[in-house]
Structures are given as structure tokens and as C-alpha cells.
Amino acid sequence: MELLERFAAGDLEAFEALFREHHKEVYAWIVRIVRDHGIAEDLTVETFWRIYRARDRFDPAGNFRAWARRIATNAALDHLRTARRETELPEDLASAGTADPAVRREARERIRKAFQELPPKYRLVATLALIEEEPYYNIAEAAGISIALVKVRVFRAVRMLRKKLNSLGVEVNAK
Amino acid sequence: MSNAENNKEMKELLGQAIAPAQDTELRRDLWPQVLRKLEEQPAPVVGIPWFDWALAAILSAVLVFFPGSIPALLYHL
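If you're matching them up, the sequences are chains A and B in order.
Okay, so the first sequence: first residue is 25 according to the numbering used here, each after it adds one.
Okay, so the second sequence: first residue is 454 according to the numbering used here, each after it adds one.
Okay, chain B solo, but in the shape it has when bound (with noise of 0.2 Å):
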């Protein structure tokens, strides 16, 4: 059986459960929703993540020890 037999066969079992959205009507104003929500929840500082700080470190810690391993990074990057 192709794909799209596949694909075919299976929303018409879908198709027999669960049928399309019809009501997508909005009927509310959500704007004041919105507006509250952006005064309840600024936007957020965006820190960097303890991960890459760590991994900077390790980085940082391997460059300083092994400075041999200097040419084989850049040759990778």
C-alpha cells in the first residue's frame, strides 16, 4: 500500500471519530486579556544558561593547560 492509500485509508478511520473544526468563530475581544497579561508578565531578562557558562569554563580551562590542543580546535571550527 503507497503513502498517500495509507494516508487516505486513515482519515477516512479519523474522519469517522474526529471530524474537522467547524467552529472557529471567535466571539470575544480578547484584547483587554492581552494587555492585562503583558502588564502581569513583562518580558523576562534573558540570561545566559549555567550550561554554557560551564562549558565555557571547561573550554576556557582546556585552551590555558593544553595549548597544543589550540590548532586542532581552530582546524575544526
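Just chain A, same shape as in the assembly (with noise of 0.2 Å):
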């Protein structure tokens, strides 16, 4: 029997193998929506239970990794709406990298807030789209929309995100 066949079987050994096969992208995945080490590795394990959870409806025949990442991408849409405003982007993630110094630190703060305060469903597709630049088709699958929507939810979190910006005061160009 083939491993994707055991573990809708229930077999644990296979489950274990897909775990070890998959659990550093599906962590990776997550941890570029939350934006949190600790939370992503909760989230991991949630999507993992979830999984195993599930096996009865996962077809053998099926995509594991497309399944496993729509299953991640849930479970942290999940948590993007219990904690919201419960929890603030990390330093360490939000602003690693940011090089340009004219941008003040109270801007960026702004900038931060504004997207903190998106709606769930609207802040994972700009989140995904915007600043982690992933292709259309990938948020679509992980988020198990079509592109269209994704398109329609990137351009209204973009409409959201100039509007709540313009109204803290920083410097966004009229559309």
C-alpha cells in the first residue's frame, strides 16, 4: 500500500513520514502569515492535527502538499481572527530589513498599524501578495479561492489599507 493510501488509513508511521516530509514547508508557509516563530510552530502542529484529523476525506490520489498548505493556510486564517489586536507584528520580523532611513520610525509604525487593522481574510491575501510577493495562483490554492477573488481582495486591502493610511496622516498618492 502506498504511504498517502496508509495514512487515510489511519496509519500513524505513514502519517509520522508525511509529517517529516512536510512539516518545515508547511512551518515556513505559516510563519510568513503570522509573522510569529512561536505562534507558526503552534499553528504547525494545529495544521498537523488537523491533518491527521481529516485523513478520512483526503483522497490518496490527491495533492498532500497543496492539501497540507490549504489546511496551514486555514488554521492561520484562523488565528489572524481570534487574535487580532490581541497581538502586534514582531520587531524582528516586521521591520528586519528595512533599510531606508528617511522613513521615520513613527511612519513605519503607522504603516504597521494600518495593515495590523485589515480584516483577517483581507490582511493573509496582502500579506501573501504585497509583501511576501507570492504569485496569485499560490494564494489562490493555499486559500482555496480563485485568482479572481484573491485579485478582488488584494485591490480592496489595498483601497482599505489607503484610506486607514491617508486618515493616520501619512502620505499616500490619491488614486
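Source of the hints: derived by calculation from the structure; they are not laboratory data.
Treat the numbers as computed from the prediction; the structure is a model and nothing was measured.
Glycine included, each C-beta is placed from N, C-alpha and C at the ideal position.
Keep in mind that the hints are not guaranteed to be accurate.
[Claimed, not checked] Every beta carbon over 12 Å from chain A, so not counted as near; a handful from chain B, in silico: (1) TRP484; (2) ALA514; (3) LEU516.
[What the hints assert, rightly or not] Calculated pairs, SDA-like style, for lysine to any residue (alpha carbon to alpha carbon, straight line, at most 20 Å): (4) LYS187(A) x GLU465(B); (5) LYS464(B) x GLU49(A); (6) LYS464(B) x SER191(A); (7) LYS461(B) x ASN190(A); (8) LYS188(A) x GLU462(B).
Dock chain one against chain two, each of which comes alone in its own frame, and use the hints as you go.
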């Protein structure tokens, strides 16, 4: 029996083999969304717990990697929904590599605040599309939505950000 | 300003405050935690939400008391 078939049948060893093969990639995907190592670890555990729980709904002929990524995205989105306003972007990830000395700290804080206040589903696509520069088709596959809807959400996220930034006094060109 | 230009401008602005995640490497073995979670929280028994039961009861009542609505229902199905 193939590995995926054994996993779908509930074989724990097969599940561990799949975990060993995919957990680093799942973690890397989640940390790009939630931008916190500790939370990403917890969500990776949560993702594989959900994966094992849903094993009987997995088609062994299907793509485990894509399926795992979608479950990871849902877990990350659930986190963004519940942790909204409770957590802030950690400084180490949020501003790492910020090289432009002309941008003042205060302006950066306002930009981060505006971004953090985006509704979770918009923050998810905006993080992946605008910050991580992930291709739209990858985002669509991971979020389980169409590419057209990804584009719509990015468009709306940009519009919301622009409005919010203007209200916070950050200079953004009017559309 | 086009969508692409809008996005580009916003990317540049966000890039000044929020950098792409650079360190995405996992340094711990999470398998023991996965096992512990599986032991602590076994799969819940999937139940049917009360709302579905209520909906089914209402539908049944309508069909019993107003049998004339059956053809209309079938038509809309």
C-alpha cells in the first residue's frame, strides 16, 4: 500500500513520514502569514492535528502538499481572526531588512498599524501578495479561492490601506 | 492610476515598514507535540447542528400541513 493510502487508512507511521516530509514547508508557509515563530510552531502542530483528523476525507490520489498548505492557511486565518488586535507584528520580523533611513519610525508604526487593522481575510492575501510577493495562483490554491477573488481581495485591501493610511496622516497618493 | 500601479506603490510603502519574512527555518522537532495533541484531543464526534434539525422540522411541518406546496418545492429543487 502506498504511503498516502496508508495515511488515509489511519496508519500513524505513514502520518509521521508525511509529517517529516512536509512540516518544514508548512511551518515556513505559516510563519510568512502570522510572522511570529512561536505562533507558527503552534499552528504547525494544529495543522498536522487537523490533517490527521481529516485523513478519511483525503483522496490518496490527490496532492498532499497542496492539501496540507490549504489546511495550514485555514489554521493561520483562524489565528488571525481570534488574535486580532491582541498581537502586534513582532519587531524582528516586521522590520527586518528595512534599509530606508528616510522612513521615520513613527511612519513605519502607522503603516504597520494600518496593515494590522485589515480584516483577517484581506490581511492574509495582502501579506502573501504585497509583502511576500507570492504569485496569485499560489495564494488562490492555498486559500481555496479563485485567482479572480484573490485579485479582488488585494484590490480591496489596498483601498482600505490607502484610506486608513491617509486618516493616520501617512502620505499616499490619491487614486 | 491602474491596479498594478496601485499595488506597486502599496508594496513599496509596506516594504518600508514590513519586510518579507526572512528566517523561516524551523529549529525544533514538533512531532512529539503533534502526538501529544492527538492523544489529548481525539477527533470530536461530528454532530448535526441544532439549526439543521430545526430547519428539517419546519420543512416537515410545512409539507404535512400544506401538501399543496410539494409540487412547488419539487419545481424549485
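Structure-based check of each hint:
no.: 1; hint: TRP484; result: violated (6 Å)
no.: 2; hint: ALA514; result: holds (34 Å)
no.: 3; hint: LEU516; result: holds (32 Å)
no.: 4; hint: LYS187(A) x GLU465(B); result: holds (16 Å)
no.: 5; hint: LYS464(B) x GLU49(A); result: violated (25 Å)
no.: 6; hint: LYS464(B) x SER191(A); result: holds (19 Å)
no.: 7; hint: LYS461(B) x ASN190(A); result: holds (17 Å)
no.: 8; hint: LYS188(A) x GLU462(B); result: holds (15 Å)
This entry does not satisfy hints 1 and 5, going by the numbered hints stated previously.
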